[in-house]
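The listed protein sequences derive, respectively, from chains X and S.
For the first sequence, the positions run 96 to 502 when the working numbering is used.
For the second sequence, the positions run 96 to 502 when the working numbering is used.
Treat the hints with care, since some could be wrong.
Claimed, not checked - Chain X residues, not near chain S, derived (Cβ > 12 Å throughout): (1) 121; (2) 138; (3) 266; (4) 310; (5) 349; (6) 356; (7) 426.
Unchecked claim - Here are the simulated distance ranges between beta carbons: (8) S:456 <-> X:433: 49 to 59 Å; (9) X:223 <-> S:453: 19 to 29 Å; (10) S:467 <-> X:231: 29 to 39 Å.
In case anyone wonders, no lab produced these hints; they're calculated from the structure.
We put the beta carbon where it would ideally sit given N, CA and C, even for glycine.
Each chain is listed here by its residues.
2 protein chains.
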Amino acid sequence: MPPLKRFAKPLSVRSLPRGFLGAGVTCGLKPSGKPDLALFVSDRIAAAAAVTTQNLFAAPPIHVTRDHLKSGRAQAIIINSGSANAATGRQGLIDARQMCALVSAALDIRSADVLVNSTGVIGQRLPMDRLAAGIDDAVSNLCSAGLNRAGEAMMTTDRHPKRTARRWTQGRREVRLATFAKGVGMIHPDMATMISVALTDAAVSAPLLRRALREAVDQTYNCLTVDGDTSTNDMVVLLANGASGAPRIERITSEGYRRLVRALTESFEEMVLSIASDGEGASRVAVIRVRGARTVADARKLARAVGRSSLFKTAIHGADPNWGRITMALGNAGVDIDPSQVSISVAKTPLLRRGQPVRHDRAQTSQAMRKDQVPVVISLGLGRAEATCWSSSLTEEYVRFNSAYTT
Amino acid sequence: MPPLKRFAKPLSVRSLPRGFLGAGVTCGLKPSGKPDLALFVSDRIAAAAAVTTQNLFAAPPIHVTRDHLKSGRAQAIIINSGSANAATGRQGLIDARQMCALVSAALDIRSADVLVNSTGVIGQRLPMDRLAAGIDDAVSNLCSAGLNRAGEAMMTTDRHPKRTARRWTQGRREVRLATFAKGVGMIHPDMATMISVALTDAAVSAPLLRRALREAVDQTYNCLTVDGDTSTNDMVVLLANGASGAPRIERITSEGYRRLVRALTESFEEMVLSIASDGEGASRVAVIRVRGARTVADARKLARAVGRSSLFKTAIHGADPNWGRITMALGNAGVDIDPSQVSISVAKTPLLRRGQPVRHDRAQTSQAMRKDQVPVVISLGLGRAEATCWSSSLTEEYVRFNSAYTT
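The whole structure should be built from the sequences, with the hints applied where relevant.
Next up, the structure:
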């Protein structure tokens, strides 16, 4: 699938942000023997921010990471795949803290400067002895190119690594941003986790970093609908270590801030598309754009309502230009819209214009929908706000995979 | 499937409410040639109430029915299957009014006393000439036993008719209630419509009838989750014609009112279970009971959040006791709960007790889940409110049917 292959190639060392090292090793958490432990390290203290799951059942490592992020700084991120350390109660908290302590000891940095997460099967305790050995192994393999391997080691059911890099100039210095992500369009049976690590050598104050991350995430990761559920381990983390030597970004009105947000948003958009396309169960991705809303919040709510409708998702899978399912989802979104003003196009074919059906060649429209990405544009005619949501199709494979896993 | 077969038998004439006649005829709206026009008539003016779809894109007949119900009275209900008269714009309104006018003329009753609905394919105009002939045919076939045929004529992809009767005594007179429903666990590809007609010979004031219907619907039809979407044509209608001779129900505190609500709730619960079980794509039904909530609204929100989760629905299909998907859905419901107090049992097997996983034989639990109905009990430990939600499983057949329909 093209949107995936694009991200499969490792990022070249010249595109990776300066002052960051990584490692991805195997410590035996996965039956497959694939890499399962990822370590990302900055050679100096970095400003740090994260957006973590809103699920009330947030996993223990998420609680530890939130706690460590209160300082607005961090120097390392340790992530294991294979086991999610979720629903593990008090022991899970102890184990997550222990992972930070092990990294802290091996790197001689503060434990509170280590962020932690886990992804994989839920409800089982982490094998701490294996993790201890793995962390030693990872630390001794830290290098710049190892960032690519770290990105791969956090994968679970991903078919391809997901990563992208951006470079831009700020104050005559080149600034770099690299983003690594895991998560798939067909969600992992036991825990649907999306993890993204973004590293930049820009210099940014912690409050502005938090704000930039939030702005970018709201337009991207928060508009991705796979099956409407938010995992207990979801996390997007961003470190900025200033190693580029570019002037420090201190003001929201600055050009530097604007460019950082743009680079983050573009990178995350690519990741979202890649995540939505991945997985055996995702045949294609609908890119749902709602325009002409009164507010961005309204536009997002409507785009997401369409994106999470099972009937819509199966229609996308079947390349069926069934706009009735779109109006049904819009009408159920809890947003005040005027049905007589709504226009809808799918795969660039107008299907509804101001509430009235448009004659079209159904077979031809269906043919136009048989692409990796299907654009769906909904115009409300109420205002000027807009939003985009990405939704993976719902397929037989999704159901087969998700119903026949543990038993 | 047992919960279905139970409702397949016609209701005996002695269990049908007095003063009601019905007919179900074929007027040629379905390619299959099956009955497609249902007429329900009271021999006198009846108090009338309805709960209709909250979808903003409500179909034209729903608008006409709402308008006619303002008086709180009605005498006939005309419903066609095969074509939903949805997304048909102004012409759709004219056609829906014309259906009422045709019934009005044939029965010599007021047009405003006729309620109307349609179900089937969307976006196409009703063939009014066929409907006119069909309405004449239906009127000339009106009889008591015809109520069963009317119930069958509103079916679309239903595999079996859904109907149930209740009798109770009020003021020394026997009161009867008959309920007919259509709608399936695997929603019709083009429009997911649920229609229910309840007829009673109790005498009830219009405001109390509305209230009783709302009370019963909130606990039953509004807690049914098939795919999370509300159709543009959904409708539950209730007529009370007083033909039993029982004293008129005028007060909410009266025994008569209480018994009416109970009969309605029990009947609707049966219908909901039958609807959730029906359809080629529904392998089983999860009955999700949330207990120990602070408010009924909270309990309902949580039960529905679990019921609409695709990951939960596929786990039910696969008989997979994957409680992680239940906690995930609970954590995303937007209700303030305490994860450390949550207990969960599935098919009577405790899986989580006050936030801690309970050891259990996974194969044995899975075996216990291989039933038509899977009880899921979630205790929050926060209060005394509770609610139940019914959810059909998500299967490969659902996806196949819904993705491969029109093209």
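Comparing the hints with the structure gives:
Every Cβ of chain S is farther than 12 Å from the Cβ of residue 121 of chain X; the closest lies at roughly 25 Å, confirming the non-interface assignment. At the 12 Å boundary, the C-beta of residue 138 of chain X stays outside the reach of chain S, the nearest C-beta of that chain being 37 Å off. Under the 12 Å C-beta cut-off, the non-interface status given to residue 266 of chain X relative to chain S holds; the minimum distance is some 42 Å. Interface exclusion of residue 310 of chain X from chain S stands, the closest Cβ pair being 23 Å apart, more than 12 Å.
With a least CB separation of 36 Å from chain S, residue 349 of chain X remains clear of the 12 Å interface cut-off, as annotated. Non-interface call for residue 356 of chain X relative to chain S: holds, since the shortest CB-CB distance, roughly 27 Å, exceeds 12 Å. Separation of residue 426 of chain X from chain S is inadequate, the least Cβ-Cβ distance of about 4 Å not exceeding the 12 Å criterion. Checked against the given bound of 49 to 59 Å, the beta carbons of residue 456 of chain S and residue 433 of chain X, roughly 56 Å apart, stay inside it.
Checking the proposed 19 to 29 Å range against residue 223 of chain X and residue 453 of chain S shows it holds: the Cβ atoms sit about 23 Å from each other. At roughly 54 Å, the beta-carbon separation of residue 467 of chain S and residue 231 of chain X lies outside the given 29 to 39 Å, and the hint is violated.
In this structure, the hints that do not hold are numbers 7 and 10, in rising order.
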